[in-house]
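Engineer: Quick note, the sequence shown lines up with residues 1 to 580 if you use the working numbering.
Note that these hints are calculated values from the structure, not bench results. As the structure is a computational prediction, the values presented were derived from the model and not from experiment. Don't take every hint at face value.
In silico SDA-like pairs for lysine to any residue, Cα to Cα no more than 20 Å straight-line [claimed, not checked]:
1) 562 to 303
2) 220 to 205
3) 101 to 323
4) 241 to 295
5) 339 to 562
6) 105 to 317
7) 310 to 110
8) 49 to 269
9) 339 to 396
10) 488 to 333
11) 5 to 310
12) 220 to 208
13) 488 to 331
14) 49 to 189
15) 69 to 105
16) 101 to 78
17) 179 to 189
18) 220 to 189
19) 105 to 379
20) 508 to 379
21) 405 to 333
22) 360 to 410
23) 9 to 189
24) 508 to 544
25) 241 to 230
26) 105 to 116
27) 101 to 385
28) 488 to 362
29) 101 to 508
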Amino acid sequence: MKTGKWMYKYIKPYVPGMAFAFLLTITNTVLSNVRPLLQGMIVDEVFGKGKISLLGSLVLAMLLAVLLKDVFRVIDHYILEGTSQKIIKNMRLELYESLQKQDFKFFDSNRTGDIMNRLTGDIDSIRHFVAWVMNGMIENLFLFITALVILGSINLPLTLVLVSITPVIGITGFFFSRKVGPAFRKARAMLSQLNTVAQENISGNRVVKAMVREQFELGKFDEANNAYKNANIQSNRIAQKYMPFLNFLANTLNVLVLVVGGWMVITEKMSVGDYVTFNSMSWALNAPMRSLGWLINDTSNMMASAEKVKEFYLAEPLIYGNKNDKERNKRLEGNVCFKNVSFSYDGSPAINNVSFEAKKGQTIAIIGETGSGKSTIANLMFRFYDATEGEVLLDGINVKDMSLKHVRKSMAMAMQDIFLFSDTIEGNIAYGNPDATEEEVKDAAIKADAHNFISRMPEGYDTIVGERGVGLSGGQKQRISLARALLKNPSILILDDTTSAVDMETEKYIQQMLSHEAGNRTMFIIAHRISSVKNADLILVMEKGSIIERGTHEELVKLGGKYKEVCDTQMGSFNVKEGE
Numbered sequence: 001m002k003t004g005k006w007m008y009k010y011i012k013p014y015v016p017g018m019a020f021a022f023l024l025t026i027t028n029t030v031l032s033n034v035r036p037l038l039q040g041m042i043v044d045e046v047f048g049k050g051k052i053s054l055l056g057s058l059v060l061a062m063l064l065a066v067l068l069k070d071v072f073r074v075i076d077h078y079i080l081e082g083t084s085q086k087i088i089k090n091m092r093l094e095l096y097e098s099l100q101k102q103d104f105k106f107f108d109s110n111r112t113g114d115i116m117n118r119l120t121g122d123i124d125s126i127r128h129f130v131a132w133v134m135n136g137m138i139e140n141l142f143l144f145i146t147a148l149v150i151l152g153s154i155n156l157p158l159t160l161v162l163v164s165i166t167p168v169i170g171i172t173g174f175f176f177s178r179k180v181g182p183a184f185r186k187a188r189a190m191l192s193q194l195n196t197v198a199q200e201n202i203s204g205n206r207v208v209k210a211m212v213r214e215q216f217e218l219g220k221f222d223e224a225n226n227a228y229k230n231a232n233i234q235s236n237r238i239a240q241k242y243m244p245f246l247n248f249l250a251n252t253l254n255v256l257v258l259v260v261g262g263w264m265v266i267t268e269k270m271s272v273g274d275y276v277t278f279n280s281m282s283w284a285l286n287a288p289m290r291s292l293g294w295l296i297n298d299t300s301n302m303m304a305s306a307e308k309v310k311e312f313y314l315a316e317p318l319i320y321g322n323k324n325d326k327e328r329n330k331r332l333e334g335n336v337c338f339k340n341v342s343f344s345y346d347g348s349p350a351i352n353n354v355s356f357e358a359k360k361g362q363t364i365a366i367i368g369e370t371g372s373g374k375s376t377i378a379n380l381m382f383r384f385y386d387a388t389e390g391e392v393l394l395d396g397i398n399v400k401d402m403s404l405k406h407v408r409k410s411m412a413m414a415m416q417d418i419f420l421f422s423d424t425i426e427g428n429i430a431y432g433n434p435d436a437t438e439e440e441v442k443d444a445a446i447k448a449d450a451h452n453f454i455s456r457m458p459e460g461y462d463t464i465v466g467e468r469g470v471g472l473s474g475g476q477k478q479r480i481s482l483a484r485a486l487l488k489n490p491s492i493l494i495l496d497d498t499t500s501a502v503d504m505e506t507e508k509y510i511q512q513m514l515s516h517e518a519g520n521r522t523m524f525i526i527a528h529r530i531s532s533v534k535n536a537d538l539i540l541v542m543e544k545g546s547i548i549e550r551g552t553h554e555e556l557v558k559l560g561g562k563y564k565e566v567c568d569t570q571m572g573s574f575n576v577k578e579g580e
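Could you build all of it, start to finish, from the sequences and the hints given here?
Structural biologist: Printed below as a string of structure tokens:
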């Protein structure tokens, strides 16, 4: 889809209002040329021929034209500014909606700063074009046309002399636009890079300070800042290369009126009043020419921004659900089956030929070293990514044949990378179940062993947590994340290293709470601690993306393999022998 056609779909609902505003603009251009015409009449008819009786009516007409012009200008600017705000509101909303549909790969490939820049700076460039640049184009075009008609009717030879310069201006403007477009696109790219550096630094400010890397970050920002500055200077250099010549040609009109028009007055081929009209109206030919540069500038800037916004808006997610899923409103029972599943991140293998089955109500534990593929299994169940080979089945149905809502509505995950919103603790816990009552929120917090520390806070459940949970310990954030997952009451619950930051006593309490609900849901526990997984119905031991051992705690200990080795390291050989 071409950029212009894409933009028009947003503008189309407001065409009638914009057309009315543009009609007022055209009326303004006509009224702008009335005053010079009336001045010429006053000089010829009143001062030249002594018709004093006409002076009052001509002056009144001039004042009325100026008043109407100013009123119409206020109205058309009000309409266009309001319209532009409505257009970009809809555009920003649809762009944000498009972002919600994107899969993890999209966010893996695009930096946060780039996305934010499209939602703010790039869209505002489009707003400026709709509110001011389009109106400026129409205003200057009709100002030029009406001036040509009026001046041509007064003195055609002098008008043709003035018009002879316009083709040169048009050609210069064309080459200017060809050069300035790429320069503006580069400047926009550098602005995105600058925003990314700033966003990462602000989000990671604690790491920066802890590692004493302020000077390094300052250097990174300075480099990005310089790149943005240089890109803007380059685009400005292009403008400075052409703008003086455009201004020179525009100012030549005044010289031509003075020389050629003066000669015509002396030779009596033009009246003094007509000369005054030409002299006063030359700005109507001059102004559009002088404005041509910035109109091309802003249009090129807008096109660069629109292309970037359109690119995100038209991006198709690689993962989409089956809209014809007849079971979309049915809750999953909780049966999970992986059949010879393999997956690669951009060609780098993550898991290879993984197969296992989990029945409703069972607890499956997955243990292994960092990078062994544990979290990848959870991501494939949720369809954050799609398997490269094999099948992931939920209740016997391939997840690719189900709607995404059907898959994810019946599942919940307490993620390894915990994210808490800048909201109350209650709002964070109830995020996946906003209709939950206060008692249900409290019950979920009790099961996650979060209620006690929440109650000790000054505002209790109404305490506002900072961005990403700043102000809470790692263990407190994990317990709030777990409470959020439990409150969703899922058929399949995935705990991805959820208790790694809590003490052994708290972990034991949480395990006891979760064991009371055994049989109601299928549970996956991804962990490094043996204490977190030893009571599971099935333990999968992973290494380099493959399952190398499987069985219960007792079976794996007797096997004497990798799992036994980890047990010896963490718990000591005596406890392992006792099966504890």
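Engineer: Take the hints in turn and mark each one as holding or not.
Structural biologist: Here is how each hint holds up against the structure:
1. 562 to 303: Violated: residue 562 and residue 303 sit about 59 Å apart, past 20 Å.
2. 220 to 205: holds, 14 Å
3. 101 to 323: Answer holds: residue 101 to residue 323 is near 14 Å, not above 20 Å.
4. 241 to 295: OK: residue 241 and residue 295 at ~16 Å, within 20 Å.
5. 339 to 562: violated, 23 Å
6. 105 to 317: holds, 9 Å
7. 310 to 110: Distance of about 15 Å is within 20 Å: holds.
8. 49 to 269: Distance of about 18 Å is within 20 Å: holds.
9. 339 to 396: With Cα atoms ~11 Å apart, residue 339 and residue 396 stay inside 20 Å; holds.
10. 488 to 333: holds, 15 Å
11. 5 to 310: The hint holds at about 11 Å.
12. 220 to 208: Holds, because 12 Å separates the two Cα atoms, which is no more than 20 Å.
13. 488 to 331: holds, 12 Å
14. 49 to 189: violated, 65 Å
15. 69 to 105: Since the Cα atoms of residue 69 and residue 105 sit roughly 54 Å apart, the hinted pair is violated (cutoff 20 Å).
16. 101 to 78: Given that 20 Å is the threshold and the Cα spacing comes to 35 Å, the pair is violated.
17. 179 to 189: holds, 17 Å
18. 220 to 189: Holds. Residue 220 to residue 189 sits at ~16 Å (cutoff 20 Å).
19. 105 to 379: Holds, at roughly 12 Å.
20. 508 to 379: violated, 26 Å
21. 405 to 333: Holds: residue 405 and residue 333 sit about 15 Å apart, inside 20 Å.
22. 360 to 410: Satisfied, since the Cα-Cα distance of roughly 13 Å is no more than 20 Å.
23. 9 to 189: Measuring from Cα to Cα gives roughly 26 Å; hence the hint is violated.
24. 508 to 544: violated, 29 Å
25. 241 to 230: holds, 16 Å
26. 105 to 116: holds, 17 Å
27. 101 to 385: Given that 20 Å is the threshold and the Cα spacing comes to 13 Å, the pair holds.
28. 488 to 362: Distance of about 18 Å is within 20 Å: holds.
29. 101 to 508: Distance of about 38 Å is beyond 20 Å: violated.
Checked against the numbered hints listed earlier, the structure breaks hints 1, 5, 14, 15, 16, 20, 23, 24, 29; every other hint is satisfied.
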